[in-house]
Amino acid sequence: MNHILNGPVTRVALCSGLALVLLPLVTGSASMSIEIVVFATAVLGANLLLGFTGLMSFAQGAFFGVGAYVAGLLRVEVDAGMLAVIVASGLAGAVASAVVGWISIRRQGIYFVMLTLAFAQLFYFLAYAFPGITGGENGLQGVSRPSLALGPFEIAPVTSNTGYYIFAASLFLILSMAVARVIHSPFGQVLLAIRENERRASATGYDVRVFKIIAFAIAGALAGIAGALQAMFVGLASISNVEILMSQEILMMSIIGGANSLAGALVGSGFVVAVSSVLSTWWPRWLLLLGLILMVVVLYFPGGLVGAARSLVARLKSGRPAPSSKGGLR
Amino acid sequence: MTVYLFQALNGVGLGMIYFLIAAGLSIVFGLLHFVNFAHGAFYMLGAYFCLQALRMGLDFWTALWLVPLVVGGLALLLERVLVRRTYRMAHMYQILITLGLGLVIQEICIIVWGTEALNVSPPESLSSVVFFGDFGYPSYRLFVISLATMLTFVLWLALEKTRLGALLRAGSQSVEMVALLGVNVSVLFAFAFAFSAGLAAVGGVLAAPLRGAEPFMAQEALSIAFVAVVIGGMGRYSGALVASILIGLTQSLMSSLWPMGANLMIFAAAAAILVFRPNGLMGRV
Amino acid sequence: MSTAELVISGVTKRFGDFTAVSNVSLEIETGSIHSVIGPNGAGKTTLFNCLSGEVIPEQGQILLRGRDITRLPSHRRVAAGVARSFQITSLFPELSVETNLKIAARGRHSARAINFWSQESNDDEACRTAARVMDRLAISGLAKARVCELSHGQQRALEVAMALALQPRVILLDEPTSGMGVDDLPAMRKLVRSLGGDHTVVLVEHNMDIVMGISDTISVMAQGSLLCNGTPREVQADPRVRDVYLGEDQDA
Chain A
1 MNHILNGPVT RVALCSGLAL VLLPLVTGSA SMSIEIVVFA TAVLGANLLL
51 GFTGLMSFAQ GAFFGVGAYV AGLLRVEVDA GMLAVIVASG LAGAVASAVV
101 GWISIRRQGI YFVMLTLAFA QLFYFLAYAF PGITGGENGL QGVSRPSLAL
151 GPFEIAPVTS NTGYYIFAAS LFLILSMAVA RVIHSPFGQV LLAIRENERR
201 ASATGYDVRV FKIIAFAIAG ALAGIAGALQ AMFVGLASIS NVEILMSQEI
251 LMMSIIGGAN SLAGALVGSG FVVAVSSVLS TWWPRWLLLL GLILMVVVLY
301 FPGGLVGAAR SLVARLKSGR PAPSSKGGLR
Chain B
1001 MTVYLFQALN GVGLGMIYFL IAAGLSIVFG LLHFVNFAHG AFYMLGAYFC
1051 LQALRMGLDF WTALWLVPLV VGGLALLLER VLVRRTYRMA HMYQILITLG
1101 LGLVIQEICI IVWGTEALNV SPPESLSSVV FFGDFGYPSY RLFVISLATM
1151 LTFVLWLALE KTRLGALLRA GSQSVEMVAL LGVNVSVLFA FAFAFSAGLA
1201 AVGGVLAAPL RGAEPFMAQE ALSIAFVAVV IGGMGRYSGA LVASILIGLT
1251 QSLMSSLWPM GANLMIFAAA AAILVFRPNG LMGRV
Chain C
2001 MSTAELVISG VTKRFGDFTA VSNVSLEIET GSIHSVIGPN GAGKTTLFNC
2051 LSGEVIPEQG QILLRGRDIT RLPSHRRVAA GVARSFQITS LFPELSVETN
2101 LKIAARGRHS ARAINFWSQE SNDDEACRTA ARVMDRLAIS GLAKARVCEL
2151 SHGQQRALEV AMALALQPRV ILLDEPTSGM GVDDLPAMRK LVRSLGGDHT
2201 VVLVEHNMDI VMGISDTISV MAQGSLLCNG TPREVQADPR VRDVYLGEDQ
2251 DA
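Chains as they are written, first to last, in the working numbering: chain A, 1 to 330; chain B, 1001 to 1285; chain C, 2001 to 2252.
Okay, chain A solo, but in the shape it has when bound (with noise of 0.2 Å):
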């Protein structure tokens, strides 16, 4: 039977609610604490399809800035709820990255890379040029926070920081034991066979394309969900979402978190946005030191903080060195 709170998902909430509720107290900072979960958010999709289907997409920052428009929009015309709020960003988030995802992989390779990039691009500079619904380079302001109520009873206060920390910590771990399930489902087994070897998913009965769609798609809704995270925490769309900078951004989070494992979302989201806020104060330079970081990563830590982790676990654990491990699942 399956209950839904078998092994791995029950594993990653545990995992990821002990990391959320010792956020806030590790980082002494509501603030900081929400920017982590938001990016977390972001990155989970990331990972979904780079660890676990292969597929690097330099647009997840467009589908981050396509939620926070929509949000922004419901929120300043429409003053929507925030269930209204959540759903449609992850909507539009899907269906944008759906689209971008359906004409990129017609494409392989370095070719199926640079579609991404290209659509990113675009989405930016669509952005810029039609500030009548985005605000241009000012970005949608006035975003303000839906209440959090059910009749007459707050659950949650959101206007103030720590209030919406356990909203969005709350909504991050759902998402989590969400994208945890959805991986080890036949559906992630089958993103898994594509990372490995797409020819042979093929050959073993998969169409392909319909998969990496779907996680296209995935990915999308949680980066808008992150991106409408993101306005209603700053209270503005601003238009360095829809930027390259953010997707490359999001990839570092990933990469350095280790993109083939989800609790690499949150690890590499936290270490980045510490890292830069640290630095940030007493050298504004804190990008050289994180794209430094990056190459360390990418040519000793393919696993990412989490991967080395986990080689260093099982090193002291047997005595030897581990086998290299590129991750995946058992």
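Simulated from the structure, these hints should not be mistaken for lab results.
Treat the hints with care, since some could be wrong.
Pairs of lysine to aspartate or glutamate, DMTMM-like flavour, derived with a Cα cap of 25 Å [said to hold, decoys possible]:
1. C:2190 / C:2216
2. C:2144 / A:77
3. C:2190 / C:2209
4. A:317 / C:2094
5. A:317 / C:2149
Keeping the supplied structure of chain A fixed, place chains B and C upon it in accordance with the hints.
Just chains B and C, lined up with the frame of chain A:
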């Protein structure tokens, strides 16, 4: 009418500079099958080193040959130390590493020169306006077009008529064959990488008096170069040239009407071509 | 109307100016083991790819029990009952043997795999199929091992296992003994032979001992055309076959 001619000529000049960047990218991708996301950084370094050279009292003409050599040397060093480790890696990792490298170079430039765009003056001898009847055009821009055209011709000559060029072309078809011919492939790769960086740097030096030097020019140049190579076809220099000029013209002509529209069109065209004609307008593989 | 499992008629495949397969027609009976042999460049692989769906012929038809599968893409042929193995080992390297096979087991009804909700560890049917196949190939002990850790011979066996896990009617084996050491050959020969009867096997192979020993029928190809078709004895006796294999030596 003259406004359009002016813009068109600007576009051609801009396009030729873009081609210098795109050509390098094409050489590296064609031969090394290496995707260099730090390529735009060499263009940027060309502009910044030119600025620095002028500040240190050198004249523009010296900078024109010295800076590309310095940038080429730097690229050679990077190739030996870092880049060659990635040849055996999947493209994905090459992209990530060069992404990081590009970021590092960009940030170093900001540390040294700040975040603001800095102006570079064209040399005294080229600060005038040349008249064709009633039509006046800045002599420096004319120089840019002429020099870039000449370099393009020299590049074509080098690729088609020299042994080195033949090796580069053959190598992009089959590295194994070239190695079997007794060529030191490692040296060839290093040279190709350094040469392409030098080309981009020439573009940077030429562009500096036109657009100044600023840290985000690397990203912009890289995007355009990729688009030019894709539209023209990977490995097809003539295609990249045509595409670069078209891009330059589009950007220039639309700069007064709808600047963002230019970029929109360019990237939409790139996406369309990647989908329908992945070998580019004129490409082979 | 033919009762054969596979009817190939007039199949021609060109790559630009080069005709790889030219007007090949043959029939393969249900449950038989049919080998395709010929010197390099004869078009065996292209014919094989026409059967597996990686390549679509310009002309001709391939009927599977009367159903036209000529233009069916390779992933859809699995549902039609055709499975293939690869000459150059093509598995899911970082995943375990068991996972490889379970993914294959689900491939037969691939649309059902668009299932995000149920957990694959609960997929009893796929587990059973995988277990059965591992048993048949005597690799049950390797279930949890990662494919990249297996020996070449074990990987070649898994190649065949993956095809079996798709529960096909027709199994296409592309040089199953490719690169195998002498010690592993008898096991592979026995395996392929045992596949007949339950399945229709089409084999591209260079190892003549296996080909002559286990095939019911053999097709000999040369330069894209079908040279002759018959039982091992008929083929061995045909002088044209000798010419094609030994022709260059005689000229020299």
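Hints and how they fare:
| no. | hint | result |
| --- | --- | --- |
| 1 | C:2190 / C:2216 | holds (14 Å) |
| 2 | C:2144 / A:77 | violated (56 Å) |
| 3 | C:2190 / C:2209 | holds (12 Å) |
| 4 | A:317 / C:2094 | holds (21 Å) |
| 5 | A:317 / C:2149 | holds (20 Å) |
Of the hints listed earlier, the one the structure fails to meet is number 2.
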